[in-house]
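2 protein chains.
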Amino acid sequence: MEDSIRLNAAEILCIGTELLLGQTLNTNARWISQELAILGIPHYKQVVVGDNTSRLKEAILEASKRCNYLITTGGLGPTNDDLTTETIARTFNTDLEENLIAIKDIRGKFTSQGIENMPASNQKQALFPKGAEIIPNPKGTAPGFIWSPIKNFTILSFPGVPSELKDMWAKTAKEWFQKNSFNENIFESRVIKFAGISESSLAADLEDLLEKENPTIAPYADIGEVKLRITAKAKNKKKADEMLNPLEEELIMRGKDHFYGKGDDNLASIVIELLRERGEKLVVAESCTGGAIGAALSNIPGASDVFIGGIIAYNNSIKKDILGVSQKSLEAYGAVSNEVVKEMARGAINLFNADWSIAVSGIAGPGGGSPSKPVGLVHFGIAGPKGCETMQANFGMHRGRLNIQKLCIVGGLNQLRLIMLTRS
Amino acid sequence: MEDSIRLNAAEILCIGTELLLGQTLNTNARWISQELAILGIPHYKQVVVGDNTSRLKEAILEASKRCNYLITTGGLGPTNDDLTTETIARTFNTDLEENLIAIKDIRGKFTSQGIENMPASNQKQALFPKGAEIIPNPKGTAPGFIWSPIKNFTILSFPGVPSELKDMWAKTAKEWFQKNSFNENIFESRVIKFAGISESSLAADLEDLLEKENPTIAPYADIGEVKLRITAKAKNKKKADEMLNPLEEELIMRGKDHFYGKGDDNLASIVIELLRERGEKLVVAESCTGGAIGAALSNIPGASDVFIGGIIAYNNSIKKDILGVSQKSLEAYGAVSNEVVKEMARGAINLFNADWSIAVSGIAGPGGGSPSKPVGLVHFGIAGPKGCETMQANFGMHRGRLNIQKLCIVGGLNQLRLIMLTRS
Chain E
417 MEDSIRLNAA EILCIGTELL LGQTLNTNAR WISQELAILG IPHYKQVVVG DNTSRLKEAI
477 LEASKRCNYL ITTGGLGPTN DDLTTETIAR TFNTDLEENL IAIKDIRGKF TSQGIENMPA
537 SNQKQALFPK GAEIIPNPKG TAPGFIWSPI KNFTILSFPG VPSELKDMWA KTAKEWFQKN
597 SFNENIFESR VIKFAGISES SLAADLEDLL EKENPTIAPY ADIGEVKLRI TAKAKNKKKA
657 DEMLNPLEEE LIMRGKDHFY GKGDDNLASI VIELLRERGE KLVVAESCTG GAIGAALSNI
717 PGASDVFIGG IIAYNNSIKK DILGVSQKSL EAYGAVSNEV VKEMARGAIN LFNADWSIAV
777 SGIAGPGGGS PSKPVGLVHF GIAGPKGCET MQANFGMHRG RLNIQKLCIV GGLNQLRLIM
837 LTRS
Chain D
417 MEDSIRLNAA EILCIGTELL LGQTLNTNAR WISQELAILG IPHYKQVVVG DNTSRLKEAI
477 LEASKRCNYL ITTGGLGPTN DDLTTETIAR TFNTDLEENL IAIKDIRGKF TSQGIENMPA
537 SNQKQALFPK GAEIIPNPKG TAPGFIWSPI KNFTILSFPG VPSELKDMWA KTAKEWFQKN
597 SFNENIFESR VIKFAGISES SLAADLEDLL EKENPTIAPY ADIGEVKLRI TAKAKNKKKA
657 DEMLNPLEEE LIMRGKDHFY GKGDDNLASI VIELLRERGE KLVVAESCTG GAIGAALSNI
717 PGASDVFIGG IIAYNNSIKK DILGVSQKSL EAYGAVSNEV VKEMARGAIN LFNADWSIAV
777 SGIAGPGGGS PSKPVGLVHF GIAGPKGCET MQANFGMHRG RLNIQKLCIV GGLNQLRLIM
837 LTRS
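Protein chains in written order, with this note's numbering: chain E, 417 to 840; chain D, 417 to 840.
Chain E extracted, bound-state conformation (with noise of 0.2 Å):
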């Protein structure tokens, strides 16, 4: 093989079935590639093959050639289709060898779940080509591996399950790379997040600054909310940081109260912050969404310091019996009403003793809408030290239900935390 020809970057290689047969949307390798961006490792090329022997074989042969880093997704797992560690060796005439450490943890698993047989198949989860170094999963049962079969050529094997690659990539791949990508700049990233405004909005305001080369700013939608991700090219973290500091400064001015975190923030962990800083406590009223703002806090570690729990008042009696809410206004303005919400907001307090309170209620559609109360639209209470307020939206009927449910969780939330910042 002919080392000159092979370019210090990365490929992916995503394997399985599944990817091919438009079964699975492949998000792995937009995950990765985000990755890579941020380490600032050149990344050329990706590639899906199934789960085939001679096929994989050939585009891993193919990709020693052409880079320095090949990371595989997928077919680690303990069936006779997972095939990605034994065709890997295979490629590269290499023998399966079983890795101790890794058998006692997969058996650990079993154990510690009350299996006491752990199945035949999953002990072919801690066979690794000879001298791969391993790659443990605290969230699954198949491990990865770093191996280099051959000179400058290394690959990077992850499970195909999305939250598993994600932690072991965070917590080995990450630094293994920091350390061997040679590479004479690092580059730094850093993601600023902003609620209740369009992504095209925010960019208008930010025109002046969207053409900046280094630090670059990239803005990226998501329901209800946008991120802008800033990245600097530096000799090191501190010069780094010296070109982002004041950037994010600035991006965080423009952005006014829409600006609400940055990092791993969301809504619902500001929105825990902020209560726990002053000492009060939240409960929720959901109609149309369920408990899913409930659901939200609570997977935040630590929420029930300051979310007390809720009512999900689906239906009507339980917005009457358990929240209070007027037969006359339920009557009056139906159960999507500015007038229903306080109620509903009102009665959650009262009934838990709690410091603030959010109820939504809504339509999400497909069915249940009217003319005068169209799909997509919501309305919000916040009860809160100084009374209640309440909001409406109109999200549209074109977003479809599960986006709708979504944009009420961030909407509520927002809500909260604005009226928590500027007016209490």
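No copy is singled out in the list; a pair is fine if it fits within one copy or between any two copies.
Below, in silico cross-link-like pairs of lysine-lysine (PhoX-like), each with a Cα-Cα straight-line distance of 25 Å or less:
1. Lys789 / Lys525
2. Lys520 / Lys789
3. Lys582 / Lys822
4. Lys654 / Lys595
5. Lys678 / Lys587
6. Lys697 / Lys736
7. Lys540 / Lys643
8. Lys643 / Lys582
9. Lys481 / Lys595
Simulated from the structure, these hints should not be mistaken for laboratory data.
Got chain E sorted already, so can you dock chain D onto it with the hints?
Same frame as chain E, but now just chain D:
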């Protein structure tokens, strides 16, 4: 070139640096994969390259040696980094020529928006390799094309904008494939779903079937669930159905009560369907999931017919004050215990006058665990017309908070399903 080694199959080549930077999720590759599967066109490889002439040329040449059809997306726009058409023509030493119908159409799209002077850059979108057939683009300015530069190798080029690609595919390419692919067989796939069993245990129960070649069986693990995809290759849909029907029956029989649904079913939709058939109503009483079971139910259109709502009893005071859990049980057994989930489940049914309830209380972590009650321990209570059953699971602390919460959703819904089906 040796025709003999070229497969009667299609490859997908997606072109765009935004894909390699992770700025865009490659939904086009998945969508085209699904379309190819429906048409029965074998599809063994997908490649992504950036807006770079030499790497694009290399990828086209490689594909031309492997398969009969290459479908490209992206790089047909008006800007300098849109290189696809020119590079395809150059790869096969062919000149570009202007297509008069295309240039008229592009000009017309500007005129209809009141723009008399079409930007000069758009002119290049009417250039195609000599001999290419044009694919009109009703939604945008970038027409696609179908071109066979060499014997038994045809390139079908589409823009990268998903809505344009889909529209053009449906109106032109689909028919072209049906006419030209000389495919004697179609492929038909079904998905069968199981809960409460691991991928390896299910695979062990099916070991003798997993080696089948037509139809094939492929297992996929999801959080708390396993899916089997069965695929038949046959002359027509009727023949494929005749092959799939008995296999599906066999798999459902072997899966016993772990089998819960097919295709787009999920546990929430199945539970709602069961309730609707029986005319019964469900409520939830959620501690560690914070509303996520309610949210999963309310994701299903029409859930409000049978799902009334529930209590998010994150805090013990709610378990006591609203659900009526006794102080005595909380003290004697702790909030995560069979006794407490039983009282929660019964309390919820009584409060809302429902037929069924799911109660869940567990330790999602990362904090809050103890040797006797580790992170990952979850108790479920299912109350129904014939009384209340409880069960406990230890999902293992290695899973992490979010996965433990997801396993609680799957576990709670699956327990309700099992009890409704088998014991009432």
